[in-house]
Each structure stands twice: as C-alpha cells, then as structure tokens.
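The chain contents come next:
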Amino acid sequence: MDLKIKRKSTRTVNTSNLLESYPHDLQMYKIPPVEDIRLQEFETLALERLTLLRCLATATTLKGLRIYSDEWKDFVINELRTQGLKYYANLCDMSGCGTNESDLLARRKDHIGHFILRLAYCRTEELRRWFISKELELFKMRFMTMSPKAVEEFFKINQLCYTSISDEEKNELMPYLRESTMHQKIDSLKFYKVKFYEVLDLVKARKVYIQSGYAYIPDKDFISVLSAQYRIHLKQSLAIACHHLGEIEQDERLVGLLKGLHQSYSGNDYSDTKVIIPIESLDSLSVKSFPLCMRQLHEQLRLSHHLKHGGRLQYGLFLKGIGVTLEDSLRFWRDEFTKIMELDKFEKQYAYNVRYNYGKEGSKRNYTAFNCLKIINNNVGPGDCHGCPYRHCDPSNLKNRLKGYGIENQALNDIVDMAKKGHYQIACSKYFDAAHNTDLGLGINHPNQYFEESQKLLNVSNKVEIKKETKIVKKEQTNTIEDMDFDEISEWS
Amino acid sequence: MVSGFAKKNVCKVKEVILINPIYDSFRWLACGNSPQPLSNRELSFTLADDVYIRYLSICDQKEFQNLLQKKCPHKLDIGAVYNNKPSISRHDAVVLARELVFDIDLTDYDEVRTCCQEAKVCDKCWKFMVVACEIIHKSLKDDFGFQNILWVFSGRRGIHCWVSDYEARTLDSPGRAAVADYLCLIIGGDNQNKKVHLGSDNLHSSIRRAVSIIDKYFDDIIQDQEFLGTSSRLQKFLKMIPEDALREQVEKSLEKMSESSLERWKTFISIYDSYLRENGNAIRKIKYLVEEIKIQFCYPRLDVNVTKGFNHLLKSPFSIHPKTGKVSIVFKPNNARNMKLDEIPTIHTLLDDSSPDNVQHQNNMRNAVKNFQEVVFSLEKAEAIRKRNYANTTLDF
Chain A
11 MDLKIKRKST RTVNTSNLLE SYPHDLQMYK IPPVEDIRLQ EFETLALERL TLLRCLATAT
71 TLKGLRIYSD EWKDFVINEL RTQGLKYYAN LCDMSGCGTN ESDLLARRKD HIGHFILRLA
131 YCRTEELRRW FISKELELFK MRFMTMSPKA VEEFFKINQL CYTSISDEEK NELMPYLRES
191 TMHQKIDSLK FYKVKFYEVL DLVKARKVYI QSGYAYIPDK DFISVLSAQY RIHLKQSLAI
251 ACHHLGEIEQ DERLVGLLKG LHQSYSGNDY SDTKVIIPIE SLDSLSVKSF PLCMRQLHEQ
311 LRLSHHLKHG GRLQYGLFLK GIGVTLEDSL RFWRDEFTKI MELDKFEKQY AYNVRYNYGK
371 EGSKRNYTAF NCLKIINNNV GPGDCHGCPY RHCDPSNLKN RLKGYGIENQ ALNDIVDMAK
431 KGHYQIACSK YFDAAHNTDL GLGINHPNQY FEESQKLLNV SNKVEIKKET KIVKKEQTNT
491 IEDMDFDEIS EWS
Chain B
16 MVSGFAKKNV CKVKEVILIN PIYDSFRWLA CGNSPQPLSN RELSFTLADD VYIRYLSICD
76 QKEFQNLLQK KCPHKLDIGA VYNNKPSISR HDAVVLAREL VFDIDLTDYD EVRTCCQEAK
136 VCDKCWKFMV VACEIIHKSL KDDFGFQNIL WVFSGRRGIH CWVSDYEART LDSPGRAAVA
196 DYLCLIIGGD NQNKKVHLGS DNLHSSIRRA VSIIDKYFDD IIQDQEFLGT SSRLQKFLKM
256 IPEDALREQV EKSLEKMSES SLERWKTFIS IYDSYLRENG NAIRKIKYLV EEIKIQFCYP
316 RLDVNVTKGF NHLLKSPFSI HPKTGKVSIV FKPNNARNMK LDEIPTIHTL LDDSSPDNVQ
376 HQNNMRNAVK NFQEVVFSLE KAEAIRKRNY ANTTLDF
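Chains A and B, in that order, are what the protein sequence lines are.
Quick note on the numbering used here: the first sequence kicks off at 11 and runs consecutively.
Quick note on the numbering used here: the second sequence kicks off at 16 and runs consecutively.
No lab work stands behind these hints: they were computed from the structure.
Keep in mind it's a predicted model, so treat the numbers as computed, not measured.
Treat the hints with care, as some may be off.
When the alpha-carbon atoms are kept at most 30 Å apart in a straight line, the in silico DSS-like pairs for lysine-lysine are as follows [said to hold, decoys possible]:
1. B:Lys85 - A:Lys355
2. B:Lys153 - A:Lys180
3. B:Lys302 - A:Lys230
4. B:Lys100 - A:Lys245
5. B:Lys100 - B:Lys77
6. A:Lys205 - B:Lys347
7. B:Lys251 - A:Lys430
8. B:Lys209 - A:Lys430
Please construct the entire structure, taking both the sequences and the accompanying hints into account.
Right, dumping it as structure tokens:
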C-alpha cells in the first residue's frame, strides 16, 4: 500500500484528461497508452497484472471452483485484496462509471498493465493462448458484475448499436425461443438478432435459438457477442505486437523484463528431453509412473494392438516427451500394429504419423506433448480411449479400473468423488498420492510432469538429476498440434 | 515394362475420366474458390501403386484434364484454398477458404449396429446414413441458413457433405468447431456407456426436430438391428439407464419376454412412463431418457475432426473407391432412403456392356451427374448474386 501512495505523490496525473480517456471501469483496450512512465512503474504494473491473471487461473485449476460461479468470483476478489491489489479488486467487483480520482487512476493502471503484458505474451502461440483466455475470463467476470446502468453506458461509449426484434417477430418465434434459450421469463426479455458466428459459444453449447443463420439472443447474452469481438481484437493485436517486438527489443532494459515475465510463468513444455527411455521398460513404467490417462492407452494398445488417431497422438507425444527416441517409437508402434496388419500397411499409413510427431515430416515442427487442459478438452468419440479418464470415463468404469490397480476404500472414493465433481486434475493428484503412497497433493497439469514427479520419488538416481538440469530453459520454437479451437480452453466445468 | 493387365487398367482409368463430369467438377471447384484464383486450391492424387502426391494445383480446365490424363490417379482428393499456390516448401501458407465439410462413417456406428462391423455395409445399416443425412441437411438449411449443400456417397461405408456457401467457406476454425459441436450429441469413448446427456431443461428446438426425424425410422431400424435382441445387447442397453430402481424393473420384465427388440422397447417405454408417474422426483435425472437412448442408437456420428480442421483433404465426388470400385455418386438428400447399395454404379459395370446391371448403373450414373449439376448451377447463381452485391456495396463508397 505504501508504494501506491508514494507513486501518487511523485506523479501528478491530470484528472480531467483521465476522465476523458477512461470514462468506464471496463475497457476494450482499443487504444494503447501514449504517456511516458518510469521503468519501475512499468515493472510494477506488469507484475500486478500478471498476479491478477494468475489469480484467475488458480481459482479454476488449483481450487477447482466452477468458473464464473459466485464462489469463484469471491475467491478471486479476496485473493486480490490479500495480494495488495485493491484497485483490481474494486475494478472487478462493482464495475461502473464513477468519476472518483481513485477510480480513474485504477483504470489507468489497468490499461497500461494490459498493454505491457501484451508485449510479454505475444511471443509464442502458447503464451498468446494463455493470455487471451485469461483476459477473456477477466473481461467476462467484470461484465457480469456490472449494473444494468453501467452496461448501458458501456454500450454507448463503445458505440455498440443493436436494435431488438419487433414484438410480432418475437411472438412468432416465442415457442422456439422458450425451448432453446436458457433463461427464465423469456416474455419479458428483449431479443436481438445477430449472425450465428457472433455468438459461437452459445451455438456450441446449444444455448440459443438459431434460424437461417441468425441467432436470437436476449440482452443478458450480449456478453457472448462482446467477448467474441474482444477475442478477435486481442488475437489480432497480439499478432501485431509480435511483429513489432524487434523495435521494442532494441531497448535492453525492457528485453530482460519482458522475457523474464513469460519465463517466470511458463512451465516446462516437454518438447526436448535429453534422457533416453528404452521402450522395453514401458510396461513396468506404465504401472509405476504413468498417469492414468497414459496407462490406459498403453494397456489398450497392448491389448488390441491398435489405437485410434486421437490415442496415437496423445500417447505418442507423451512417449516422445518422456524420452523415447524416434527409432524406438517406430519400433514400438510397429511391433504392436503389425500383430493385426501387414507391415506394408503400417509403413504406409502409420509410420508417417510417428515421424511427424518427431518433426520429421510435413511442416517439420517440433510438437509438444499435450498438457492436461488439452487432454481434458479433447474430443473423445466412439472407439476412442484417449482423453482424461477422470472426465471421459463413467464413474463405475473408473471405479472398476482403479480397483483393478489396487486402489481401495477411502482413496478410491476420494478420486471418484473428485472426478464426479469435475475436478479432474485434483482427482489425478489424489491418484498420484494413492499410487505412490504419499500425501504430496501436487498440482498436476501435465502428464509428463506426473511422470517426472513419480520418477523423482521412485529413484533419486543421477538420471533424473541430469534431466532436471537440462530442461529448465524453455524452447521457443515448439508448436502444439491442432492449434485451432483450443482458444476456448477455459470452460470445461 | 507394361504388362497386358496394367495396360488394360490404364485404358480403363481413362475411360472413367470420360465418364466423370470433368467439366462440372471444374466449375464446382472454380466457384468454390472464388474470389481466390483456382490455382491456390490444393489437390492430391493417389496413383495406382498407392503413391500419394500432395500440393498439386491447376489453373484452368485444360490443365485439369491434362493432369488427370497424364497421372491417371485412382483417387482425387480436394483440399483447402491457400493464400498462394500450394507447395510443399511453403510452411507459412495460410488457408483462406475451404468448404465446410462433414464426414460420416459407418465404422463409427460399430458399437450400435449389429448387422455389419468395420468395413462391411448392407442396406440395413445404410438406414443410419439416411437418418444422418436428413438430420444434418435440415439443420444446415434451417438453422444455419446454408443453401449450397452437396451430398456424396463416400465409395464404401459412409457419406460426405460439402457446404459451399460463401459464409461457410470462409468460416474460421472456432466457427467450424462450434457448428460441429452444435451438431454433435453423442460424446464419449469406449469408457462411457451412456453417451448422450440432455439435462433436464427444455429440449433445444434442433434436438427436438432431430428426435422427430429419428422417430420416422426408429421402429424400422430397431427391427433391423435388434438392439435388444440378445442378452448381451440387453445388458448393454440397461447400462444406459442411470436410475437403479428403474433399471432393475426393466431388466426383470424384459428378460422374461420374447426376444423381439421392438416389443421389448415398447415394454421399456411403458415401464418408464409409469415409473415417472410414481416417482416424481426422479424426473430430473431421467427426463429425456427415451430421447437420449434413441439418439445414442440413431443420431448421426460425425467425424468432428474433419469438420473442424482446414487441412483435411476429402475425396472428390465421382472418384472411384479403390477397394469396392464404387463411384462416389452425388445424391439428393431427400432421395437417400431410396438408394440401394448394389444400385450404386461401379467402374466394372459401367465399362462392361454385358453386365446385367449395366443399364441400371448407367442410368443411376446419369442421375448422379444431374444431381451434381443442379448443385453446381445453384452455387454459380449464388456466387453471381454475391459478386453483384459486393460490387454494389463497394461502389457506394
């Protein structure tokens, strides 16, 4: 708190200008800040924004709260207050259009902080994706807490003009609106007609009535239109920011800070391992150190000598991540697949994909292993057995499987319970504890992280030590397969 | 060295090219490309010995014809439209347009169909395709407002759908994903017994419509497939009932009855109805159980990755399937139920005048070409209107 007061006294900010630039608590961040600021403030604002965004991530993944629920929101706001970010707590809690000096100063920081993080997070596809999804969560949360009057003001300021449909049209559509819109008291709501691609999140979840390419949404659902626009805007802005990185990086003082920021966040991506794991040990490793999702795939492969595309991708990249070489990988898949097919068929249809995963075919990218978020949100269709078992198994199947692995009583019930409640990663962490007979309560967010933690516990040998040293530096030219559609990672609850 | 047999094959392939409506295919492609130049569209060939050539492209009809005759591909696949001429060395290529495509394959029905498995198909399981086609077509037209929709038999065990409307072609990947998810009701892999969850709120209009389409065929399909006809199938069915008490009641009654699936289904419905009357509080959990089970049995099972991705190549209409020799004919969605698998023309009967099916297959081939032409004409018309509107709006400025 002290810091803040000091800053206020050293900087004289012209309030009337601020009112013009920041008329509303909620911004679309269309215009970048142009004022000069001190390096120290630059750093503080960046870190504060980062804390805010991480706070959102913690609430969903670590605390397992349902996103946008009241408990989720309360947690975020309390957390912000304890972290000393009262101004963000205020901006998030009751967004409005007050004109107090403290309001205006908070908006200025919000504005500048956002733009600094854009620079830090535009470097790679993965960083961009994380940034966009967190900023969108933030935007949605703030929009939802606004009073109707503030919402109206927001539309006016951002020149968002939409006209509602006529009463006749509404009456005609009434039965359809009633069954397809997820709101109470449809009669009293005003409806608007927008193209279906403006509200993709509603279309995806079948929460809106669409006819002839138009979606009919009540004013409450306008957040969908806005966040879609905001997402596109952010995406483009980050691409532009990335193009201009070169200019910014001429200032060495900023380079260190900006690069440091994203490194301070991003964990390992497991795209480059130095340790070599022989395939002969996979059977025993799968029992000891594989997370359930990978163990299941391994056993399925051994059982039916085949995996469908999604499974091959998920398991193949995981194997690459733990240190199975390309040659071994080819041999591993070949040995299994050729039990049910001709060698020729394998070489023609499947070997390409194995080499592709290792960046030897097609676009020759170095693909990274899937993290939990990706696996949880993956499509799992008929005949598939990839995905996250805590999410993609019926509770009874999950129970039987765990029992078969010797997990019992309390631990078993705990895991199944967590999975039922939708806390898949917590379930996984409990499985880790049960399998290793510990009580670490790790935050699992990557199958390869699970593997490493398990190996660390099981044998504190030199092998693992070496691995750790070589893997801290983050590689930048890695890519995730199927970038598309992965932007919408936030909601799986 | 060319053996006699190979020579004969080459000739055959050339003749097939003559049968194929090259001119119409070309126009369809050209229209689907607009406003990008045709040369930016990726094509790929599969040659006789399974050699696969990607990143091909053509500038005009003549080149198209020459390329086909020179390479004699067994299979022609169509990809996306890029910002540049496709080439293997360009990794910065950006996809600018691509028809919105759907791929429905009967192998995805293996867990429900009982007549065939894997690559096999018969007229019984073809009914799944009829239902799928009707539901998807209706939704694309009524919900999304698309007009230029082409339906193609995939050559063996499935169907493809190409939507060529400008809006569909330029839809971005989140848009495609949303459309695919909107149409996808069956979710879950081998570890989930019940794959359809409709909740307990109102049924969305599109789902209600889909169920009413399924209802038209349901009795027929359940008799064909005998979903509940054996005790193992019955066990599988029972696993879809989440309410223990109801499941036990149903199990007891159905095990005693005759093995007719339709009779068993009817009994299930009446037990379900009376159960709901007696246990009002169970309604939240099983309000749409009947619909959910019908959907799990009959609703279209899309390969969503084909729809979501831009760079998935899909077999061109009027290709010949390398294994079955069947032509990927274009059909009208409202005529799908009258199609018989053995009436679909094959390369062999088309070329063999003495074959007993020759006349009928020739006829069906002609009809398929006509169906294709109709779609091409309507697409050309829509494109012309779009261009005129575009010209008008740009003049205004």
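Status of the hints after comparison with the structure:
1. Simply put, B:Lys85 and A:Lys355 have alpha-carbon atoms about 27 Å apart, close enough for the 30 Å limit, and the pair holds.
2. A distance of roughly 23 Å separates the Cα atoms of B:Lys153 and A:Lys180; the hinted pair therefore holds under the 30 Å criterion.
3. Distance restraint check for B:Lys302 and A:Lys230: the Cα-Cα separation of roughly 27 Å lies within the 30 Å cut-off, and the hinted pair is therefore satisfied.
4. The hinted pair formed by B:Lys100 and A:Lys245 meets the criterion: a straight-line CA distance of about 26 Å does not exceed 30 Å.
5. Restraint check for B:Lys100 and B:Lys77: the C-alpha separation of about 18 Å stays at or below 30 Å, so the hint holds.
6. Proximity of A:Lys205 to B:Lys347 is assessed by CA-CA distance (about 28 Å); at most 30 Å being required, the pair is judged to hold.
7. Straight-line distance between C-alpha atoms of B:Lys251 and A:Lys430 comes to about 22 Å, which keeps the hinted pair within the 30 Å bound.
8. Distance hint between B:Lys209 and A:Lys430 is fulfilled; the C-alpha atoms sit about 15 Å from each other, no more than 30 Å.
The structure fails none of the hints (numbered hints given earlier).
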